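Quick note, the sequences are listed as chains A and B, same order.
The working numbering applies: residue 1 is where the first sequence begins, and numbers increase by one.
The working numbering applies: residue 1001 is where the second sequence begins, and numbers increase by one.
These are calculated hints, taken from the structure and not from any lab test.
Fair warning: this is a prediction, and the values are worked out from it, not measured in the lab.
Incorrect hints may have been included.
Distance condition first, Cα-Cα at most 35 Å in a straight line; then the derived DSBU-like pairs of lysine-lysine [claimed, not checked]:
no., chain 1, residue 1, chain 2, residue 2
1, B, K1282, B, K1294
2, B, K1379, A, K15
3, A, K15, B, K1402
4, A, K15, B, K1282
5, B, K1195, B, K1282
6, A, K77, A, K48
7, B, K1294, B, K1379
8, B, K1045, B, K1402
9, B, K1294, A, K15
10, B, K1379, B, K1282
11, A, K48, B, K1402
12, A, K77, A, K15
13, B, K1195, B, K1294
14, B, K1379, B, K1045
15, B, K1402, B, K1379
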Amino acid sequence: MALTVQKSPTCGCCKLWMDYARSYGFTLTAEHPASMDAAFAAHDIPAKLQACHVATNADGQVIVGHVGIAQVLEYLKAPPAGSRALIVPGMPVGSPGMEQGEAFDPYEVLLLASDGTTTTFATVASPTDQSI
Amino acid sequence: MTHPHATPSRRALLGGGLAFTGLGVAGLAGCMTSSTMDGDGGSLKGLVGPNDAVVAQVEAARGTPEATRTFALTARRTEIDLAGQRAATWAYGDTVPGPLLRATAGDRITVAVRNDLPQVTSVHWHGIRLRNDMDGVPGHTQEAIAADGGTFTYDFITPDPGTYFFHPHVGVQLDRGLYAPLIIDDPAESVDFDKEWVVVLDDWLDGIMGDPDTELETLRRNGSGMIGQGSEIAYPFYLVNGRPPADPETFQAAPGERVRLRIINASSDTVYRVALGGHRLKVTHKDGIPTLPKETDAIIIGMGERYDLSTTVGDGAFPLVAMAEGKSGQAYAVLRTSASAAAPPEDVQPDELTRGILWAPLLSGDDHVPRGQERAGDKADRTITIQLGVRGGRYVWTMNGKTFEEADPFVVSRDEVVRIIWQNMSHMPHPMHLHGHSFRLTDGGSWHDTVLVGPMGAVAAQFVADNPGAWMMHCHNIFHAEAGMMATLGYRA
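Just chain B, same shape as in the assembly (with noise of 0.2 Å):
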């Protein structure tokens, strides 16, 4: 088995998740490489790891699940329109987004996974706190979904409701048509609405301009070079539901109708702001956490991030505009409530874009506290410092000057309060992400999973160490991530 697409920092996390595991991969041992570095981001030694009794307790601990939600994926390869153009991509059977899949909290879900794709491959639920031995990251949690056949059947209860998604933790095939959106139903919902518009964000250039793997390897050649305020990768089409702005998506409601939106960053390098024309919104959810009702024009996004949106609608034909941040180039879908109305231009920019703007550090939380984190706003137990940065015109991306090969795991014990300090040393937006929690920002903050640090900016973020295993930390621009950012958090065992 060889894999010509294997990237270096996952070859890396294969061998040092086997080193702990002994997943015996004799398949994948001519792609490990061994690091001459001192740390090692892989390695568990001395740490709870997803195969050990804790991981089964804190599961049972979850509850009796009253139902289970079965579904099945096939990651594969195909072909998507873009307005007219064919795209050679993979995707989770021939749509880009895949299935939606729906649960209510508490619910056990079971997800029977194959792999017809050329690469190995993993999924992992984004935002889901999860038992760690089905977070989908191989080599810490799980051996890789084996190519060309290869299965895999994710089984877990999903705790809290909310937006999420799910995507491989594998290399950049994030950046391929891998993902789809996960809502899990509250039973105790708050929010009144007529309809829900589920919107996922996407940068496309699989198929079009390249691949991603390629686009990495261009990533790496050219260095990190620019100032500038927005991301590196100029992507020929911005996706809403995997539609270009030349061949929008409509979303059909009636004037009045209180619509619920559920936004989804999916992108691997793009951050947006977005608004609905003629519209205030009001965020209700971040990352599927209540938050202190707010209204806004518009909110900025970053990848990995999900913001759940409230609006009463007009009457006409509203555009929603994505704009990618710092470049050139935005997604589009038109919210309609009458037949007649004609559609807004695709490149309009309604002035809600510049008028006020929320993004992460500006929400607050309201009383609402996830299960177990309760003490999440105590006197930290243990304060976590991580200075984001590059090295010196590379595109290497590093954790308090080391990548993910280089640097020891971060370390907790279980129950204790952590707090973590994101401090952004570089010019480039950072959505860091956590595995398997959510925390809240200090200071009366929201609650998170993925946190936008904008450029010299920094997040204080609190949370409980209640979900025990080998969790990742990374940056959810996937091209930094693949290119270093990324680090362990591991509980002592």
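Next comes chain A alone, as it looks inside the complex (with noise of 0.2 Å):
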């Protein structure tokens, strides 16, 4: 349950992410690295899945962006196989950290293969499919 976040030390929703995850019990430590770009090339994470912050664990697995906490357990608990990353691109409005009021934006979490290749994970269509 330790996560080492990766973000921009101004990000203020990347801040409020991880203190979504820490409510729900994990550790995590935040780095700032020179260049953003380059965290997520080293997880080679193409551009247009690119989100603020991207999260990694001991064992390898990767989370970028505003996921919720349902798909980051299920994502954990048995990561599919040929898999390498949990991701929410962009920022929705509404997902965890992006709150704004009641505002919601619909979106999917996607899972990123080893071949490059990206499927829906989740799709989330209002706050309850992403909590516990």
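Reconstruct the complex from the two isolated chains, following the hints.
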């Protein structure tokens, strides 16, 4: 339950996502690399799938962006064979750390496979779909 | 008189100010546009104006100056050298930055400005808690200084010591070479130092990649689509004291000397992460005002912010690096205490950049309180909440959903304790600047006149409304300000 999060030191929503993850028992360490582009490149995350932060654990699992706790736990419990990252691209309004009142933009949680293809891991149509 | 480069918000600003002050600038009339929106950020109806008696009264209460320092500036077209590339630009004289101006707290300074530019201009004394009519905002506090030979003399008391700078408050002129440091010495200086290094950071495109006016047009054409951490403009150069990394400034000191760095971010669109290789840095002042001293490896400095840092220098040649946060590229200079040491490479990124990092919300105030601000920590009489945002994919930046042209002024009453909460609802950082005042971040934070509000972050600040006048509050990303993220803070008359 330990994650290292690479982010920009000034990002407010990254910090909120970290607070969110901590509230579910994760131990988080923040790192502020000189370049987030390089941080994403190190995990081979293509530009169109990037978000504001990337989290990794000791087993090499990678979580990109504002992923909800429901999907984080499901993924870490049993990472699908051949997958290398769980991703919410961009910064959807209403995702954890991106709350703006009641506003909510439905989004998809994607699974990035070793061969570079993506599949839908979960469709989050409402806030309840991301919580436990 | 025509102003081909006049931008819409400046035109509206002039229009609003003219309506109130009755400054008859017939030549500008052709440039004025009438807003079709409800509000008018420039309207000062019912508010204290720059020429009201109270402005002079408050100035008189600042005391009798012991000395008057007299300066002259000419804003003119010139050409500078950037590591072998020539860049046509506008500057105060023939150097970038312009001449450092220096006085002592409590002095009166007079600056005779001549404008030999092809556009109107003004000079804003960034961070100085000065009399409103000398703040340098055309339409609000003065008539713009006419192009091609216009003049204006600024004359004001500088009440507070510290690190400041000056620049125009017209369009995106700041993004040319029109900026220079202003240092106000403290007669009761608390920092011990042997040498002082004034470090002015700038992002540079003028004369290399078009000019700032055409860049603003490009931004408006392209919209604000990106979600990244950084800003929109990839500048060809990032400068320390007017010099690119390929031709860096070298600052000489002796090993063991205590060096005070005064870091000024005069950029228009770039936040930096700053570190001095091989050294820890002690933050002693933010925006001129003492903070609770804190040691750090690096700082993050937004546009318009200033940090005073102290360090005891080692033996060798060390890189001072200001990495453009969220962009690729950096500004670079060398601190040299040994003639024989090899200079570090210009693209070096010292480890300090990714160690401990301080920025505005992480600083604490110490016992120092600017004069007149003793009640700033009391319960607020008025709270102003401002959401910083962008209008759906367009290059239109807003406060509470409105641009400068659309918004009404924020209104306070004299002597009130005012709380401002800035909530950044966008994915870009916004350094928020309030003219004529310093404010303290709540919960024991430090004092600022410009504070970086990170993406999706929030900042709360308080101050005593002790400087009547019409003041600008805006994002110091000068392109954001021109594209709407600017408002008036007015005092009820």
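Results of checking the hints against the structure:
{"no.": "1", "hint": "K1282(B) with K1294(B)", "verdict": "5 Å, holds"}
{"no.": "2", "hint": "K1379(B) with K15(A)", "verdict": "28 Å, holds"}
{"no.": "3", "hint": "K15(A) with K1402(B)", "verdict": "28 Å, holds"}
{"no.": "4", "hint": "K15(A) with K1282(B)", "verdict": "25 Å, holds"}
{"no.": "5", "hint": "K1195(B) with K1282(B)", "verdict": "15 Å, holds"}
{"no.": "6", "hint": "K77(A) with K48(A)", "verdict": "26 Å, holds"}
{"no.": "7", "hint": "K1294(B) with K1379(B)", "verdict": "28 Å, holds"}
{"no.": "8", "hint": "K1045(B) with K1402(B)", "verdict": "19 Å, holds"}
{"no.": "9", "hint": "K1294(B) with K15(A)", "verdict": "22 Å, holds"}
{"no.": "10", "hint": "K1379(B) with K1282(B)", "verdict": "32 Å, holds"}
{"no.": "11", "hint": "K48(A) with K1402(B)", "verdict": "30 Å, holds"}
{"no.": "12", "hint": "K77(A) with K15(A)", "verdict": "24 Å, holds"}
{"no.": "13", "hint": "K1195(B) with K1294(B)", "verdict": "20 Å, holds"}
{"no.": "14", "hint": "K1379(B) with K1045(B)", "verdict": "29 Å, holds"}
{"no.": "15", "hint": "K1402(B) with K1379(B)", "verdict": "28 Å, holds"}
Against the hints set out earlier in the document, no violation occurs for any number.
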